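Q: If you want this note's numbering, it's the position in the sequence shown, counting the first as 1, plus 248.
Mixed in with the good hints there might be a few duds.
FRET-style restraints, in silico, Cβ to Cβ [unchecked claim]: (1) E369 with V338: 18 to 28 Å; (2) S403 with D379: 15 to 25 Å; (3) P370 with S391: 19 to 29 Å; (4) D337 with S391: 16 to 26 Å.
Read the hints as simulated data drawn from the structure, not as lab findings. This one's a predicted model, so the numbers in the text were calculated from it and none came from an experiment. Every residue gets a Cβ at the ideal spot worked out from N, C-alpha and C, and that includes glycine.
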Amino acid sequence: MASYTVILDACVMYPAPLRSYLMYLANTGLFRARWTEQIHDEWTRNLLKNRPELNAEQLQRTRQLMNANVPDCLIEGYESLIDGLTLPDVDDRHVVAAAIKGQAESIITFNLKDFPSCELEPLGLTAIHPDEFLCDMFELDSSACVKAAQQQRASLKRPPMSQIQPVKVFGQIIR
Numbered sequence: 249m250a251s252y253t254v255i256l257d258a259c260v261m262y263p264a265p266l267r268s269y270l271m272y273l274a275n276t277g278l279f280r281a282r283w284t285e286q287i288h289d290e291w292t293r294n295l296l297k298n299r300p301e302l303n304a305e306q307l308q309r310t311r312q313l314m315n316a317n318v319p320d321c322l323i324e325g326y327e328s329l330i331d332g333l334t335l336p337d338v339d340d341r342h343v344v345a346a347a348i349k350g351q352a353e354s355i356i357t358f359n360l361k362d363f364p365s366c367e368l369e370p371l372g373l374t375a376i377h378p379d380e381f382l383c384d385m386f387e388l389d390s391s392a393c394v395k396a397a398q399q400q401r402a403s404l405k406r407p408p409m410s411q412i413q414p415v416k417v418f419g420q421i422i423r
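Modelling step: build the complete structure from the supplied sequences, incorporating the hints.
A: Structural data, given as structure tokens:
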């Protein structure tokens with residue numbers, strides 16, 4: 249198992265293509281992906297609010313598959329750390345508490361402003377944008393990243409995707 253551990257913030261789990269790719273990538277062993285049930289609750293709640301064609305049962309199945317297929321992903325017992333943390337958005341403290349409890353080095357998030365380095369560095373943490381994280385993973389092991397992308401594309405059956413379509417989708421998500 250990889251020693252480099254990251255917490256996936258709810259915002260990077262919200263877009264299905266990115267969430268899916270991160271799951272495939274986590275299974276390459278390049279890093280250890282972790283999250284909490286509270287993080288799951290946040291991304292699923294927001295997705296259900298914005299995508300009325302989805303239902304809670306579908307997202308519950310996705311959560312279960314994620315939890316089952318990424319080893320040791322769920323962090324528990326972090327709640328007592330929340331009140332002692334300071335962040336611009338108090339609602340993000342649970343992510344940092346989970347990172348501490350889960351012995352993560354980084355939080356992968358689009359919301360870098362909500363995780364200022366002045367608050368994270370004393371805790372031994374950094375916040376990383378998914379663009380930067382994926383570039384780092386590609387530099388570390390490009391063949392593993394390509395294999396994860398191929399596995400993700402092969403899993404897309406409805407509708408199936410050409411080789412270029414996932415690239416276009418990622419271009420819309422990550423900017």
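Q: Now tell me, hint by hint, if it's right for this structure.
A: Hints versus structure:
1. A C-beta distance of roughly 20 Å is found between E369 and V338, which places it inside the suggested range of 18 to 28 Å.
2. Distance hint check: the CB atoms of S403 and D379 are about 23 Å apart, consistent with the given range 15 to 25 Å.
3. A C-beta distance of roughly 37 Å is found between P370 and S391, which places it outside the suggested range of 19 to 29 Å.
4. One distance hint, 16 to 26 Å for the beta-carbon pair D337 and S391, is violated here, with the actual separation near 38 Å.
In summary, the numbered hints that this structure violates are 3 and 4.
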